[in-house]
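4 protein chains.
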Amino acid sequence: MTEIGVGMLGYAFMGKAHSNAYHKLAYMTWPPPLEPRLVSIAGRDEAAVGEAARRYGFERYVTDWRELVGDPEVGLLDNGGPNNLHAEPTIAAAEAGKHVICEKPLGRDAAESYEIWQRVEQAGVVHMCAFNYRFVPAVRLARELIEEGEIGEIHHFRGRYLQEWGTTDAATWRFEKEAAGSGALGDLGAHVIDLARYLVGEVAAVAAVTATFKPGREVDDAFEASVRFDNGAVGTFEASRFAPGRKNALSWEINGSKGSLAFDLERLNELQVSEGTSGFRTRLVTEADDPFWQWWWPHGHVIGWEHTFVHELHHLLGAIAGKNEVAPHGATFADGYRAAEVCDAVLRSAASGKREEIEYRS
Amino acid sequence: MTEIGVGMLGYAFMGKAHSNAYHKLAYMTWPPPLEPRLVSIAGRDEAAVGEAARRYGFERYVTDWRELVGDPEVGLLDNGGPNNLHAEPTIAAAEAGKHVICEKPLGRDAAESYEIWQRVEQAGVVHMCAFNYRFVPAVRLARELIEEGEIGEIHHFRGRYLQEWGTTDAATWRFEKEAAGSGALGDLGAHVIDLARYLVGEVAAVAAVTATFKPGREVDDAFEASVRFDNGAVGTFEASRFAPGRKNALSWEINGSKGSLAFDLERLNELQVSEGTSGFRTRLVTEADDPFWQWWWPHGHVIGWEHTFVHELHHLLGAIAGKNEVAPHGATFADGYRAAEVCDAVLRSAASGKREEIEYRS
Amino acid sequence: MTEIGVGMLGYAFMGKAHSNAYHKLAYMTWPPPLEPRLVSIAGRDEAAVGEAARRYGFERYVTDWRELVGDPEVGLLDNGGPNNLHAEPTIAAAEAGKHVICEKPLGRDAAESYEIWQRVEQAGVVHMCAFNYRFVPAVRLARELIEEGEIGEIHHFRGRYLQEWGTTDAATWRFEKEAAGSGALGDLGAHVIDLARYLVGEVAAVAAVTATFKPGREVDDAFEASVRFDNGAVGTFEASRFAPGRKNALSWEINGSKGSLAFDLERLNELQVSEGTSGFRTRLVTEADDPFWQWWWPHGHVIGWEHTFVHELHHLLGAIAGKNEVAPHGATFADGYRAAEVCDAVLRSAASGKREEIEYRS
Amino acid sequence: MTEIGVGMLGYAFMGKAHSNAYHKLAYMTWPPPLEPRLVSIAGRDEAAVGEAARRYGFERYVTDWRELVGDPEVGLLDNGGPNNLHAEPTIAAAEAGKHVICEKPLGRDAAESYEIWQRVEQAGVVHMCAFNYRFVPAVRLARELIEEGEIGEIHHFRGRYLQEWGTTDAATWRFEKEAAGSGALGDLGAHVIDLARYLVGEVAAVAAVTATFKPGREVDDAFEASVRFDNGAVGTFEASRFAPGRKNALSWEINGSKGSLAFDLERLNELQVSEGTSGFRTRLVTEADDPFWQWWWPHGHVIGWEHTFVHELHHLLGAIAGKNEVAPHGATFADGYRAAEVCDAVLRSAASGKREEIEYRS
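Protein sequence lines, in the order shown, are assigned to chains A, B, C and D.
Using our numbering, count along the first sequence one by one with no gaps and you end on 1240.
Using our numbering, count along the second sequence one by one with no gaps and you end on 1240.
Using our numbering, count along the third sequence one by one with no gaps and you end on 1240.
Using our numbering, count along the fourth sequence one by one with no gaps and you end on 1240.
Next up, chain A with everything else stripped away, as it sits in the complex (with noise of 0.2 angstroms):
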């Protein structure tokens, strides 16, 4: 089996996360597209990263993401550091011939998230950015069902994601400004919008308003938009970290003329299914011929959210390989960029009372 060398940047949330999914997909996802070989790991706490290194599995650490961008023995970064170091660390490693996965946002607007991509573009190699929602099971049947039509022309997408942690006093670079580019609408708010467009269609405006609850933080706790999407449909996106009780309340809502999808991340193996007005069926999506459901258990045998990496990372292992493309399924880091384009909207809009129209760079 042809290997691939894994450098990682992050050793945190994200970094777990992925690093698990490499593990789980070389044994799963059997027989793998690529087999993942954990190379190297860079994060700047030396002595963090050394156990996360001895605890994931890698075969080495650094200090300095230019030497996991230098390692010849790396095909592949996989870019989980905060969002001030996506652009330099991904740029660099596609212009040194690897592959490149990055956690969104892309940018820290959509600027910086369109110079990625073109620059990434321009090197010529695979790139994905980790619109990790996209692989939970739900939804791929979700975009299935639009596509052969069971619901019919759509009319509405509503989209929240809700959490609660936003009340905490504890200082992360999630709450400064020049580190994480926005609030709530970067970390939470690009998740709808990047499956608004996965399953609904291009957005074509917003109308904003945005909140800061907690005196002095430099970024949106909070932001609600209407929508206008371009194929007609009409609808709401919306994030917060100031709804007690939701953890990690990603839910959304479609209606269509022929039917009704709805969804909620805290259960994620349920789709919601109306046919017609019948009313919402609790569809269970762990049949066999379910996506992605081969590589697990008999139905009922539920999954978690973690498995959402082992999908996605599956599947760019298998870009890499040739053996599927990126898109439409994998957000490219083009998505990247038109999440942010969407992003940027709705902090102008807040700012000038406008429903902003969005204009897609090429």
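Hints in this document: simulated from the structure, not taken from any laboratory.
Note that the structure is a prediction, hence the values are computed from the model and not measured.
Do not rely on the hints blindly, as some may be mistaken.
As the list makes no split between identical chains, a pair holds if one copy fits it or if it spans any two.
[Claimed, not checked] No farther apart than 25 angstroms at their CA atoms in a straight line, the calculated lysine to any residue pairs in the SDA-like style are these: (1) K1136 with T1155; (2) K1201 with W1171; (3) K1136 with W1043; (4) K1136 with G1110; (5) K1136 with E1165; (6) K1092 with G1110.
Please build the complex by placing chains B, C and D on the supplied structure of chain A, with the hints as guidance.
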């Protein structure tokens, strides 16, 4: 027991709901503040209105609402006619010294609503705008919990009212601009707006889009709005007649600094409560000391949609009898007017592409 | 319209529920099969029964049920008294030529129930045992789906009726063996048993345990039974007054060879339907052609617990008027007797430690 | 880190689940109590077991389990073979000084289970019966709440395990009496029984019926039992392979004097909790200090079915390393034997028509 003579305008959907409520409150809210006497009912179709009179026990019927307004035995006009029959009969009745309750939306736009409010207020009678969902026990309980500070400072309100019958080709006055004023907005959205005002506070600004999916239809099939309240809360308002699988789905969620509340009209006996971040509890609002429950059954013996009218009309009779005020738990015509200002702002924003700050006339 | 004079025994919980239903059916099930005239109400406490007469609009009240039974203007005895007042007044009324409806359980045991049934049957009047949950729209729909073969051959029925108030120290006739016959079994379990018989078929055998958690209480607080039906289906029956958080939780699930159905009384407008193995769909039983719905509201405008009595008494009046039979959709006294045989078998099994095969007298 | 050599019997469903768990625990439960080294895997089909060895990273494979048991580098036998291969290899391994984990049911009946327990106990090795659902975080939390007295004295346990695949015509050892021992009872019901014992206490008596719906099948397709516990609680046990729409629906509800708990394996991240009579709260069991959660993700980032094996095998390795005992949180072979006694009593009761009091051998 003191009687009050009721004159009813309209015998269809709302006429049936209100007639039923007068019957029920007479023995259920025992003893009632006033004994309703069903004096006269008005409608244009003589055969139909005559049948309605026999069915619901009105002493007589008329085909011209002016006879109702002029009837000396009528002490209360109950106006459940189409929206374009709200202003003139309601004002005429008030100016003839009758108390008035008028279905929502009060007028077809803010100007008409303001005119109704002002004229009726000057007449010095009791007035109520029939936003019946304030009288769902779970909604009243939510108001009480909020007033008691149980969920702290409110950060979010998101409300939606979804139905599915908009795809029909049937002709109804609800699709005609002259008769209805607006579409899903005034019919459904007005309920969302009124509940937002009742539970959260005054609406400061809206940024909205509307959509008419059915070619040739004069009014909106749906609207989407992002919202800012005077108290700094932000959220969304939404209504649609194009949501297959959603029959009468008025739902809202409120997030505060200390907890969250959520409600769904299709399960109207339940309030979802998250105390702090504890997760949502299904609170069956049927305990002996729950709002309105002293009139009903042992706990768990649930009530239905029609009961909101019993509570509403009981409240109105109490106000007429001087036992309570209409406000704040009942909507006055001032509330009817203010909801109309928000509706107008939604339409203006959809047309102008701007976030519309709302000014209320006094 | 032809009238029928109603004489009511009992003015408390059931008296209120039945009185309300006579009022409502008169204009809601329009035109009703017979017009109910509330002639007389009987109770031992003169002040209370007098107040009840005024409240519910009975023409007169009496403190001795014999006067009710002897009243020539009473054509129908509605017996909502405690269980030890079921036999004598019901039989006397029937033998005086009055039609009879009697609350469940019919008698305090199978022998008493059989006696009531036989004597009333011989009197030749219409008789009905008030198993009102047969008249929940979702239950009737379930019956129709089963009759149409939608779920195939039935393999399982599991039904439970859970309440939480049994921990109380309050004295009530429901805790006295002489007055009540049994505890949770006759009060709650009888409903489960009747629905099992209505939906699945005759019960062949039960193997049960009972429990009395509160020292000194004369009747069962709970029972648990494994069950076999004549048609080969197996399942469980259960009732308890010791289930905190369950207010009025009558729920059942039926699994057939081609699909499944499930129901919960606390969400009585919903039937859960799995067509084949598709997963459970929340079917709001409020469509225009759903059972009983022609009398009510637009779909999604849900009804409550009390509406079951409207449907039940409308059905009874139809039977008296010769427009329909009581059986199979209404429970006759034969059904009341058969449910009592199952209840007796539960007690026998709990005492004997044996699975009790049930024989029904004819 | 100290290694332990794992020898695995079986490479299908359970082999996959356990192999995955050894991989995951090595880096997720960091540092693990012992480092699992996948030494050898045994299966009868040489091509298939060889492929499994490559896939899951076993150093070698064998086609005769005796080689596994004789392998000096194997320190732990993980027996995931069919039920008729539980006794002999497990006993042989233990008598060769290897620690043992065996899938449930331990033996095909109580006698065989007792023999396994006794022989292994005498060998003095660590033993565990793989009742993995004890290792669902919500189940462990339930146990902790009960131990802390949160729901008071327990009155009821009702548990059911429903699946739908029994209608199949496929041949599997699970339908053969010699290989499986029993049907839904040992396969599914044993889990219900084990959880009842873990959460409530010892089972005193059962009164049961069984059913085989498919002609010619040797084992039960379903069973139903009413149950009495030593501590006075009563309830029901049930399992079926004939419940369309129920994929892997192990659910239970426990009612105590001070509150209730409920669980559904298809939503395994949730525990339903009614504090007193407050109504059921959906408690997402993913908080930082929830059971097992220190190894996983931020709250709300849910886990799946397979994670129960990670927790279980981590617990086993801890016991082997002397860091914890198997009991009470893990099931020992004594627990495996006791569950088998209850299963046997179910079959005896179904045959005898008597409630069977259960005696446990020591």
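Identify every previously stated hint that the structure contradicts and give their numbers, smallest first. Nothing - there is no hint that the structure violates, so all of them hold.
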